[in-house]
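Each chain, written out:
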Amino acid sequence: MNMLPHERDRLRHMMAACRPDGEDLADAEMSELAFALREDAALRAEWERQQHSDRAIAASMHDLAVPAGLAERILAAAAAAEAADSKAAAVTAVQADARASVSPVQSAPKRFSRRAWVAAVIAASLLTAFGTWFFWPPASRQIPKELLADYVVDWRQAAAPAEGWTNRSDSVASLFPTASMPAGYVAWKRLATRQEPSLVAFNLGSGSYLFAVKTRHKYQVNSIPFSTLSATGGVRIAAWQSGDVLYVVVLSSDDERNLQQVVRTGQVG
Amino acid sequence: VYRYAFRLTGSQADAEDLTQQTFLVAQQKLAQLRQPERAAGWLFAICRTCFLKARAKRRPQDGQVDVTELPAPAPEIGPVDSEQLQAALDELPDETRLILLLFYFEELSYREIARELDIPIGTVMSRLSRGKQRLRQRLAGEERPNDAGGHVARPAARHAPARSVL
Numbered sequence: 110m111n112m113l114p115h116e117r118d119r120l121r122h123m124m125a126a127c128r129p130d131g132e133d134l135a136d137a138e139m140s141e142l143a144f145a146l147r148e149d150a151a152l153r154a155e156w157e158r159q160q161h162s163d164r165a166i167a168a169s170m171h172d173l174a175v176p177a178g179l180a181e182r183i184l185a186a187a188a189a190a191e192a193a194d195s196k197a198a199a200v201t202a203v204q205a206d207a208r209a210s211v212s213p214v215q216s217a218p219k220r221f222s223r224r225a226w227v228a229a230v231i232a233a234s235l236l237t238a239f240g241t242w243f244f245w246p247p248a249s250r251q252i253p254k255e256l257l258a259d260y261v262v263d264w265r266q267a268a269a270p271a272e273g274w275t276n277r278s279d280s281v282a283s284l285f286p287t288a289s290m291p292a293g294y295v296a297w298k299r300l301a302t303r304q305e306p307s308l309v310a311f312n313l314g315s316g317s318y319l320f321a322v323k324t325r326h327k328y329q330v331n332s333i334p335f336s337t338l339s340a341t342g343g344v345r346i347a348a349w350q351s352g353d354v355l356y357v358v359v360l361s362s363d364d365e366r367n368l369q370q371v372v373r374t375g376q377v378g
Numbered sequence: 060v061y062r063y064a065f066r067l068t069g070s071q072a073d074a075e076d077l078t079q080q081t082f083l084v085a086q087q088k089l090a091q092l093r094q095p096e097r098a099a100g101w102l103f104a105i106c107r108t109c110f111l112k113a114r115a116k117r118r119p120q121d122g123q124v125d126v127t128e129l130p131a132p133a134p135e136i137g138p139v140d141s142e143q144l145q146a147a148l149d150e151l152p153d154e155t156r157l158i159l160l161l162f163y164f165e166e167l168s169y170r171e172i173a174r175e176l177d178i179p180i181g182t183v184m185s186r187l188s189r190g191k192q193r194l195r196q197r198l199a200g201e202e203r204p205n206d207a208g209g210h211v212a213r214p215a216a217r218h219a220p221a222r223s224v225l
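As given, the protein sequences belong to chains A and B, one line each in that order.
Count along the first sequence starting at 1, add 109, and that's the number in the working numbering.
Count along the second sequence starting at 1, add 59, and that's the number in the working numbering.
Watch out, some of these pointers could steer you wrong.
What the hints assert, rightly or not - Output of the computed footprint for chain A on chain B, the stretches with three or more beta carbons under 8 angstroms from beta carbons of chain A:
(1) 69-83
(2) 140-147
(3) 150-158
(4) 163-172
Quick caveat, the hints were computed from the structure, so don't treat them as lab data.
The model shown is predicted, which means the values in this text are computed figures rather than measured ones.
Just so you know, even glycine gets a beta-carbon here, dropped at the ideal spot from N, CA and C.
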């Protein structure tokens with residue numbers, strides 16, 4: 110198909126405007142290109158190359174990791190801005206009230222300021238909801254047992270390194286539910302995991318652990334007696350939640366005790 | 060939004076700032092969001108505006124690729140490395156980079172891009188064509204014009220390299 114250079118350039122512009130795997134070629138504006146692609150093998154080859162390249166670029170475009178903590182920093186900034194706005198709105202309302210009390214004829218501006226203040230409060234509430242919805246899972250959410258069982262895999266891995274263990278008795282160690290687990294523990298250490306930022310692992314010996322987690326979430330486990338979780342590899346898991354503390358006992362396959370021996374049913378938490 | 064901001068700015072620090080600014084502006088203008096299901100596009104638009112405003116305050120850009128000349132058709136490229144892609148984007152003028160983000164990142168059609176940027180469809184097509192060809196040439200590892208004494212200079216120094224955030 111014979112084509113003048115400027116005609117080919119125009120077709121290239123059209124080709125460039127078509128999204129990879131999109132249906133832009135069906136547009137009326139693209140009829141000239143669609144026709145040329147049917148007639149011109151060289152142009153068709155160029156089209157194929159471009160589509161292939163576009164797909165590769167589009168795939169790479171989103172290939173970026175978001176820095177850790179960014180969402181928290183943004184939410185904190187948004188909360189600060191919201192607080193500043195509310196304060197400013199409140200000050201404005203107070204000033205308007207003061208002006209109105211001095212000059213009763215200015216009742217219209219006073220009503221407007223109060224309305225603005227109420228609007229600001231409503232807007233602040235909406236903004237908080239929006240921010241939370243956008244950045245975070247709900248502050249307190251129900252977490253099913255199956256998900257907890259997945260978490261436990263990570264927690265065990267986090268607890269596995271030999272370093273960091275201590276048997277010091279302090280407020281952290283007091284999280285250990287001595288009443289329900291009279292056999293006690295060998296040592297403990299703090300852990301931070303992606304699911305729970307603050308948890309304490311108690312080494313029960315034989316590769317077994319108790320995880321005590323101060324949490325804002327509600328795990329779908331019993332408070333008393335404990336719930337058992339499905340696990341693979343011979344691991345046995347018991348979990349219960351008492352208030353804002355979740356307890357998870359993980360007995361390894363090397364541990365010959367059973368869950369009822371380790372945790373006294375009826376005295377958990 | 061962070062990823063979008065990073066592709067625009069080319070640096071982690073700038074992208075974090077831009078992301079934060081985007082959400083603060085969104086917070087202030089939340090009442091303007093009529094269709095919550097289009098919140099992502101709305102946030103991207105705020106991000107673009109914040110980026111362009113910040114750029115306008117700086118000195119004029121230097122050292123970026125001239126895309127006014129239409130180069131020869133670029134070769135086909137294989138899988139694209141994210142860092143390499145960023146380096147190629149960094150060399151493009153802001154307006155070209157923006158249009159490429161609308162196309163590749165937001166996956167907007169040329170009509171939607173024209174509406175979003177308030178420019179004619181023909182302009183969208185020609186800018187896309189030139190920008191994409193430059194991008195592909197760079198990604199294919201072809202020599203840039205300045206390597207042979209042409210009109211291209213290295214982009215201005217940016218903050219941390221892209222890989223540092225990955």
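Hints breached by this structure
Number 3 - this is the single hint that the structure violates.
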